[in-house]
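Bring the two chains, given one by one in their own frames, into a single complex with the hints.
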Amino acid sequence: MLGKLTLSAIPLDQPVPLVAGAVVALIVLGVIAWVVIAGHLPYLWREWITSVDHKRIGAMYCILALVMLIRGFSDAILMRSQHAVAYKAGGYLPPEHYDQIFSAHGVIMIFFGAMPFMIGLMNFAVPLQLGVRDVAFPTLNSVSFWLTASGALLVNVSLVVGEFARTGWWPAPPLSEVTYSPGVGVDYYLWAIQISGVGTLLSGVNLVTTILKMRAPGMSYLRMPMFCWTALASNLLIIAAFPILTATLAMLILDRYLGFHFFTDSHGGNSMMFMNLFWAWGHPEVYILALPAYGVFSEVISTFSGKPLFAYRSMVMATMAIFILSFMVWLHHFFTMGPGGDVNGVFAITSMIIAVPTGVKIFDWLFTMYGGRVRLTTAMLWSLGFMVTFVVGGATGVLLAIPPADFVLHNSMFLVAHFHNVMVSAVLFGAFAGYTYWFPKAFGFRLDEWWGKAAFWFGITGFVIVFGCFYWLGLLGMTRRMQHYDVADWRPWILISAFGVVVMFVGLVCQVVQLVVSIRRRDSLRDVTGDPWDGRSLEWATASPPPVFNFAALPEVHGEEAYWAIKSRAREQMRLREEPAYEPIEMPLNSPTGFICAFFSTLIGFAMIWYIWWLAAAGFLGAFVTFVVFAWRDTVEYEIPASEVAKVNRANRSTRLEALHGAGQRRAA
Amino acid sequence: MSHADHADAEGLDRHQTEVAPGEEFAEEDIGKGIRGYLIGLALAALLTVCSFAIVHAKFVWAPAVPVAVIVFAIAQMGVHLVFFLHITTGPDNINNVMALAFGVLFVVLLIGGSVWIMSNMNSNMMPAMPPSSSPQSSQPSMPMIQPMRH
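Chains as they are written, first to last, in the numbering used here: chain A, 1 to 669; chain U, 670 to 819.
Hint data in this document are derived by calculation from the structure and do not stem from the laboratory.
Beta carbons are placed, not taken as given, at the ideal position from N, Cα and C, and that holds for glycine.
Some hints here could point you the wrong way.
Said to hold, decoys possible - Label-pair ranges, simulated between beta-carbon atoms:
{"id": "1", "chain 1": "U", "residue 1": "Asn-765", "chain 2": "A", "residue 2": "Pro-404", "range": "41 to 47 Å"}
{"id": "2", "chain 1": "A", "residue 1": "Val-398", "chain 2": "U", "residue 2": "Ile-708", "range": "53 to 59 Å"}
{"id": "3", "chain 1": "U", "residue 1": "His-755", "chain 2": "A", "residue 2": "Ala-9", "range": "48 to 54 Å"}
{"id": "4", "chain 1": "U", "residue 1": "His-755", "chain 2": "A", "residue 2": "Val-374", "range": "49 to 55 Å"}
{"id": "5", "chain 1": "U", "residue 1": "Ile-699", "chain 2": "A", "residue 2": "Glu-639", "range": "26 to 32 Å"}
{"id": "6", "chain 1": "U", "residue 1": "Ala-768", "chain 2": "A", "residue 2": "Glu-644", "range": "36 to 42 Å"}
Claimed, not checked - With the Cβ distance kept under 8 Å, some of the chain U side facing chain A (calculated, not the full set):
{"id": "7", "residue": "Phe-721"}
{"id": "8", "residue": "Leu-778"}
{"id": "9", "residue": "Ser-783"}
{"id": "10", "residue": "Asn-793"}
{"id": "11", "residue": "Met-794"}
Excised from the complex, chain U in its bound form (with noise of 0.2 Å):
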């Protein structure tokens, strides 16, 4: 188990400055951070022109735009996460990886199982009726489900 010992070795690093809950550390290099920052603002402010820019460009070959557009959007993605919200893998990185990871992974699991179900779901009933006029003719036990609009 590397990740526990990468986070045992941080532990022991903090708690030997004994830092009260909710103690700043000490600033690091200001100058260091905002450069960061900025390589971080110019490739996604670089990504956004470059999605923009294939969608009007005329040499593309039409099919590939969306393709570009997604590549583009997930690189925005990747950009944020290093440069914004400092993930790397570095061993002291280990919760925040873990932590996107899990997100990801429950992320997938409930937008992925929902479209799943609820297309099965669809694809599975009647065709719509017209809605009931009054409370007294429908039977709230057995919901009335009708397909969603596409």
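The following block holds chain A by itself, in its conformation from the complex (with noise of 0.2 Å):
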């Protein structure tokens, strides 16, 4: 009746997950317990459970993205701490328990931290910079959300029901075949890609049709600010790259359940064709992370330093360049495998040939800085921050891609520190300069500067101090993945990282405090204009939070920076443009389909991991009925009246003409 699940999966010897697991839902229970008895879960469940507006469930994207960076930044404390004590002693994380925790928090980190966080930010700011009212498939975009928050909740679930992968986070086999690992771990790890993938894979697909065909008018593709550029970029490599994973589990899916033999040790399977597949997806990954958050810094930089992006075309060039080439580096993640210095010749000369596009991009947001009058606020800071450290790991990167170092240095601590060092200052500072910068757009409040740049020194000091460490204790041949060591010259440098982690801990506690004291404060940081940061893309020329129709009437773009230009004539001339002639306007209707699609895939995913095969099947009638119910609803639109749209647009042309006056009085005086 219920497969392989039983009592005993709850893993009551081991208290430091059971704990953690306990107190977890508890939280859970606590939050939902509250929303339910102080009755806030109608509104929760119109505005944003339902909700097919781009910018919830962008927003939504953000915070399941927050809320997983935090449980992964948990296993990497209990990492570091497991390190501190375990010099020639066990530690108190058993060996299988520390195997499960290094593969939880790579999974965590790049597909419930990363990858949410990075598609949130696209979701919520490129219909706006395009100038259009939503994604061109608003309820798809709702089915792609809670698709990946239900691939989040399965990881969290082996946290106290089962056990999670043991074998890393690339589950290679034949480590990850059934002869070798033949709990849940691995179905866990499986399921749980293999639906938030689908709902990555839909996610690039709406995002790629709405930048290709629904811009403002007057919007050609060399007038669209830079981030709808990487994030067009990006999402081609999500349609690209994705079937490649889906695919290839999938062929590890049929190894484990059914026996068959793509990659196992027998029978002519080759665990290697797993590793030339999976790294032919988890290259463009990198770039599929990366190339949104360049987008962010650009858009940061150009606006705080008060300039167009310098050579705007070199940096479409460079991120269209970056997009092909990464499909052609995958080897240089296994060249120690048993590729022939041929091979490995082409592949590292591509891998270094990648460096010079990503180094335009860097010369390009130097010369945007030179000359402009920078102001160095949060999300400034966190692009500063990138910038500096991100050389550093490219130029460790060029070093990995040559063959002879890779064969020294691989496995070691000296990669750990290159791919973090990469990954964070790109793509987690990435993701706090446009949280910090979008904020007030989506929220209609600025977050507090002071905690905010606290929050960014804690976190660059210990981001620095930990992988300065694991650079050095790479070259001191510490290998990756060790439960404990016995090496008295290791010993200091990993004190010192775990110091670090416990820097970058107080400022993961400066963001948090950063927004509940910006909420309490909202009042006093209130975005009244919908312009906080003197923007120069289309976002700003909304209120905010903008409306659900984001433009009252589609703006007409005659060039690059099509809002600088608005504002510059508004500037000039001391009046805001024409009051447009309003229309009523018609906006798709919410829907619960995403929402229940995700909990049918949800029991469907728990049920194939446990082999209840009942369950799976009605979980998957149940999802297929209720896209038969989507496909033949009546009505998909509703009417928003002209009164009401002017009604809304002329209470933010008021305080912007309010503002515009005050800034021309100041001017005068």
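Here it is in structure tokens:
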């Protein structure tokens, strides 16, 4: 009846995950109880859970990412503290548990921290920057988000029911085959990633369609803000690369469930084929994450330098060059696993070439700041921190792209330091820069600058300490994924890196305090005009938070930096644009389809993990019925009357006019 | 950048009518559409018949048969792209042509790269060893690779 699921699946013998899981479950139950008792459930259901508004979905992606980043960071704390005490001793985490922690850390940070954060920022900002009302397929967008959340839920369920993979974040066969990993850990990995992977693919299709097909009048490709370009490249990569991951994991599922031999040791299977296919997805994935972050930095640096982006077209070219090249370098992830010198040589050269367009971007950002009036806000600090630390990570990447050097350094802490150096400084710093930059647009008030800057300084200091030590530990010969060690030379560096994690933790606390303080002081941080940073692209042309229809009338675009042109004219003439002729606007109706689909997907995933076949079939049937009900719906849109549109727009126009006159008087005085 | 200019013109035309997400455009001439599909069907069927016929034909030099079948197959793809997927060279079709080009590029990179990498690794491998009987005796961190069966 319940397949492999018995009471023994709850790890009563392992106190650490059980206590952690119980605390998390209590917090979640407490929050749900508070929501229900305080009567927020109808609001939450109406305005968020069933919302198909790209801004709400983007915000929910970012909230999911923030929560999962904290979960992934707690794994990092466990690993660092284990290393701090596991010198010539077993430490407090037994090997089979330590293996799950480093696997979960990687999986959560990549798939449920970095990915939702970047997709959330793109979801939120791209339609606004393009000057349109929503993404191409609003309900599909909601389905994508809830499927991602479903995957995240499955990973967290593995904490208390069963176990997680012990294979590392890429489940390399034959270790991940049923012979060597008979438990449910790898199955949790596979189904969580398959379900959220479908969500990611749908999201990629959605955003590419939006960018290619739905731009404001006059917004040609070469007038799009840089963030839209990087979002286009990133989502094209999602469409090209994620099917490879899904197919590869599907083959591993067939191996594990039905006794196939794609990647097994025997019967003609070939585990290197898994490596090959996984990294053919895995390297584009790096750029799927990094490219939107580059876009965020472009927007932030240009805005806070008060200048247009330097050499916009070279930035577009660099972005598209990275897009193509990212599909030509994947072998550098397994230089040492069998390919000959000629193959290694070709992929080494392409790996070094891909550093060139990235270098072009760094110079473009530097020259954007050159001669500008740079304002050192929190978002700008994250961008500057990125530029300084990312150059180091890029340089060690070029070093590792040399196969002889890689033969010395592979599998060491040097490699771990390298990929954290690039991923944290590009993706995480980019995520925080974008979070601080677009927060007032999303919620109508700015984040507190003092706590934001504190979070930046503690965050980057801790980051440099931890991964500086890792580079050195790698050169001292420490390999990755060790549960304990007995080399005296490593000891001081491991203790310093543990101290670094404490500093990063202070940064995390500052980040949380920043949010709490900002919400409490939201009235004094209010963004009344909708343009808090003196921005240059169209998202700042509407109110904060934007009305559900984004723009009362779609803006006409006559050049690059569409909003800057509108604003400059308003400042010269001391009056706003002509008021548009208001017309009723049709917007898509909210739909619970995404939430219900994800509910059934979670059932399918959980049932497949525990071999509960009837439940899997029931979940599949439920998901299909949900789809049919949605496909046969009668009304798809509702109309917002012209008077309502006019009222919303006039409110924003009056505050903007006030600000314009205020600024004019200050200039005159 | 002529691509962007074409797309720009297209974007302007479309947005003047201000179509909301998910809304359908007006139906085009249905008779013309059906004629296109019928021509495509006839050509596709003809190419299929040809490739079956040439395999059985006595008058073709045997080594030329596979080449001819490949030529017919590629022509078949062309017919499908033009008549069923409506890939044209017109300015309103830039996105589709670009998508096709990127798709072909990535498939060639992935399949070509994989074949090259895997054959290179196979030729560098030691001869196959008998599979280990117990999990303890093998080292999971260094997977033992066996050549693919050809």
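Please name the hints from earlier in the document that this structure breaks, with their numbers sorted from lowest to highest. Of the numbered hints given earlier, the structure breaks just one, which is hint 7.
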